[in-house]
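Engineer: Protein chains in written order, with this note's numbering: chain A, 1 to 441; chain B, 1 to 254.
In short, the hints are calculated from the structure, not lab data.
A quick note: this is a predicted structure, and the numbers were derived from the prediction, not measured.
Heads up, a few of these hints could be off.
[As the list claims (entries may be wrong)] Keeping only pairs whose Cα atoms sit at most 30 angstroms apart, straight-line, the calculated DSS-like set for lysine-lysine is:
| id | chain 1 | residue 1 | chain 2 | residue 2 |
| --- | --- | --- | --- | --- |
| 1 | A | K327 | A | K235 |
| 2 | B | K224 | A | K376 |
| 3 | A | K175 | A | K348 |
| 4 | B | K70 | A | K348 |
| 5 | B | K177 | A | K86 |
| 6 | A | K123 | B | K70 |
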Amino acid sequence: MGRNVSVNVEYLTRVEGHGNIVVNVQNGVLEKCELDIIESPRFFEGMLRGRSIFEAQHITCRICGICSCGHTLASIQAAEDAIGLKPSRQTTELRKFLLHMETLDSHILHIYLLVAPDLLGVKSFVPLIDTHHEVVRRALRMKKGCNDVCDILVGRHVHPISSIVGGFTKLPREKELDAMRDILFKMRPDMEETVKLAATFRFPHLERETECIALVNDTDEYPFLEGDIGSTDGKRWKKQDYRKVTNEFTVPHSSAKFCKASRDSYRVGALARFNLNAEKLHPKAKAAADAIGLKPIVTNPYLNTAAQLVECVHCLEDAIRILEAFKKKGVDQSEAVIVGLNETGRIKVRAGSGVGAVEVPRGILFHHYEVDAAGKIVNANCVIPTGQNLNNIEYDMKKLVPEMLDKTDEEITLGLEMLVRAYDPCISCSAHFLNVKFINR
Amino acid sequence: MGKPRVAFFDFACCEGCQLQVANMGEDLLAVLGAIDVVEFREVMSEKGEYDIAIIEGSITTSRDVERIKKIRQKAKVLMAYGSCATIGGVNGMKNNFELDHIRRYVYKDAAKYFETIPTRAVHQVVPVDYFVNGCPIYIPEFVKALKCALIGIPYKVPDHAVCVECKLNENECLYDKGLTCLGPVTKAGCNSWCVNHNNICYGCRGMVTNPAENGARDILEKYKIPMPWVENKMNMYNKVREHDEKEEAHGKKC
Numbered sequence: 001m002g003r004n005v006s007v008n009v010e011y012l013t014r015v016e017g018h019g020n021i022v023v024n025v026q027n028g029v030l031e032k033c034e035l036d037i038i039e040s041p042r043f044f045e046g047m048l049r050g051r052s053i054f055e056a057q058h059i060t061c062r063i064c065g066i067c068s069c070g071h072t073l074a075s076i077q078a079a080e081d082a083i084g085l086k087p088s089r090q091t092t093e094l095r096k097f098l099l100h101m102e103t104l105d106s107h108i109l110h111i112y113l114l115v116a117p118d119l120l121g122v123k124s125f126v127p128l129i130d131t132h133h134e135v136v137r138r139a140l141r142m143k144k145g146c147n148d149v150c151d152i153l154v155g156r157h158v159h160p161i162s163s164i165v166g167g168f169t170k171l172p173r174e175k176e177l178d179a180m181r182d183i184l185f186k187m188r189p190d191m192e193e194t195v196k197l198a199a200t201f202r203f204p205h206l207e208r209e210t211e212c213i214a215l216v217n218d219t220d221e222y223p224f225l226e227g228d229i230g231s232t233d234g235k236r237w238k239k240q241d242y243r244k245v246t247n248e249f250t251v252p253h254s255s256a257k258f259c260k261a262s263r264d265s266y267r268v269g270a271l272a273r274f275n276l277n278a279e280k281l282h283p284k285a286k287a288a289a290d291a292i293g294l295k296p297i298v299t300n301p302y303l304n305t306a307a308q309l310v311e312c313v314h315c316l317e318d319a320i321r322i323l324e325a326f327k328k329k330g331v332d333q334s335e336a337v338i339v340g341l342n343e344t345g346r347i348k349v350r351a352g353s354g355v356g357a358v359e360v361p362r363g364i365l366f367h368h369y370e371v372d373a374a375g376k377i378v379n380a381n382c383v384i385p386t387g388q389n390l391n392n393i394e395y396d397m398k399k400l401v402p403e404m405l406d407k408t409d410e411e412i413t414l415g416l417e418m419l420v421r422a423y424d425p426c427i428s429c430s431a432h433f434l435n436v437k438f439i440n441r
Numbered sequence: 001m002g003k004p005r006v007a008f009f010d011f012a013c014c015e016g017c018q019l020q021v022a023n024m025g026e027d028l029l030a031v032l033g034a035i036d037v038v039e040f041r042e043v044m045s046e047k048g049e050y051d052i053a054i055i056e057g058s059i060t061t062s063r064d065v066e067r068i069k070k071i072r073q074k075a076k077v078l079m080a081y082g083s084c085a086t087i088g089g090v091n092g093m094k095n096n097f098e099l100d101h102i103r104r105y106v107y108k109d110a111a112k113y114f115e116t117i118p119t120r121a122v123h124q125v126v127p128v129d130y131f132v133n134g135c136p137i138y139i140p141e142f143v144k145a146l147k148c149a150l151i152g153i154p155y156k157v158p159d160h161a162v163c164v165e166c167k168l169n170e171n172e173c174l175y176d177k178g179l180t181c182l183g184p185v186t187k188a189g190c191n192s193w194c195v196n197h198n199n200i201c202y203g204c205r206g207m208v209t210n211p212a213e214n215g216a217r218d219i220l221e222k223y224k225i226p227m228p229w230v231e232n233k234m235n236m237y238n239k240v241r242e243h244d245e246k247e248e249a250h251g252k253k254c
């Protein structure tokens, strides 16, 4: 079969960031299959040099509006690791709660507004306002719920105000705990409807076994904030050894910097977490996984969206658990930290190196800082989940295209777009994202 | 008369401001009832003609310059929203460094593939009709500015200090707590968002055009705060103002 296919999707839509897909099939042979990143580089790691370690979180959360809380928490973890500060149990619980809200918010955005239009056969959620009015209202209501909780806890979701190195500048009081709990209680019926809706989704088929990487631990907690780095290939690393996992390397023909751990590529994100830690999910989340027929190990990349749904249920229920615990024991207001402690020298700094490894909506995120004795940043490195997934997405695309050669160009394009969207890529995070298309190769 | 066609575009930014819009929840449906959104890449695949262009992000490559000029030509009205678009924002910190050095620091051998120019705010490249400052945007202000754009009257970003709002919110002055805060020299309009949550003002809405310089100097002297320290803080969001100052020196007011 001498089929030629040329796909060139400029400005891939419904992903957070800018990307192009380029595919070239000549005489039935796949010659090129790339996901190009065209986000303007912003040089965050370079800009951090010389700034105070206490400013790192404020700056790096602005790498991405969607994962702003995740970047905040990875940055704080790296900073605290570098200067040898151990957060209190209360602070850690509140940080886990904050991370749950962001994961829930981000997954809802992805499932309803970015993926559902494909599965319902429309171009965006806008036509759904007329045809699926209740579905759209529910999605927006759930997102608003997450945002309202973040407003109460940290001032706002996009670039949280009160979460800093050392803890929180403002802690919730009794009536604020109640307000947050009410919002989450009200979200439960919407979550039930969401699970029912997801059970009707028919995802495209593609099977490709790959290595999955996510945080793992020895407790019974589904890990988002604390743990070692684990792999479905049975390996385990300390977070300080993250470079042994990411192994960023350059491909001779494209200058693209890709990641690989034990094999050619690996995946991070909801599906990787599910494959590694499914047995630790909240019982209601396990029930949701059963309802939509999701069992580890899942090898269809399109089902990342289904794994996100399962995590939504988990995050909602675990967030309620954390709030209930605070309702019982109360919040110790004396733990509130004063911003600018560094200015008055109240937090001791020391020269050192620190790593933050946090599961953000799209997968494991690493921040790494080196600071001098005065607490100034000397070196900074951020490895974002989408960067780690990029290599894996290309392998998936290379598996998909030959299987679709009997389809029209439009169908192939849509299949590829849906595949890339399933990873929920966040290209605005391209703190350093090395995937460049050579013009003359 | 048809509804005005609105297109959202993003340049170098975190896309947090368009997320602020998406985060309006069900209120978003009310806004969508008054306008016809023809382009919003993050959540839409449709593309079309537009009357109002809403721009997020800074201009940081020569490709950006060409793209924003084309958008300006097509749009009857252009709004810049968020710190990156209105004052350069955190992207401006790049201008503290020699561009070639920072490129090589981040991208090593591949630096040559990452073309970059000094960060600029949108109005430093094309004329801007409406400004909505802040990192991220404050939704009540965005709605107000959008309403002004829809009925064709100007919207002016408040040009008094954040301190005015902060006092009305009865916050204790951070200088009295021994901290440094950019509230006294930063444009109001955010309802002193950060200080209300016990953080300091980082100056994300840009400097007031006519700050009480002597008063500010007195404060710094009173609390023994070194000037370079304050300048360093100001350069987190406001480094790009230097382009405006150069323009003014040449007698061309933006």
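Engineer: Compare the structure with each hint and give your call.
Structural biologist: Against the structure, the hints come out as follows:
| no. | hint | in the structure |
| --- | --- | --- |
| 1 | K327/A x K235/A | 39 angstroms, violated |
| 2 | K224/B x K376/A | 21 angstroms, holds |
| 3 | K175/A x K348/A | 34 angstroms, violated |
| 4 | K70/B x K348/A | 52 angstroms, violated |
| 5 | K177/B x K86/A | 25 angstroms, holds |
| 6 | K123/A x K70/B | 25 angstroms, holds |
When held up to the earlier numbered hints, the structure conflicts with 1, 3, 4 and fits the remainder.
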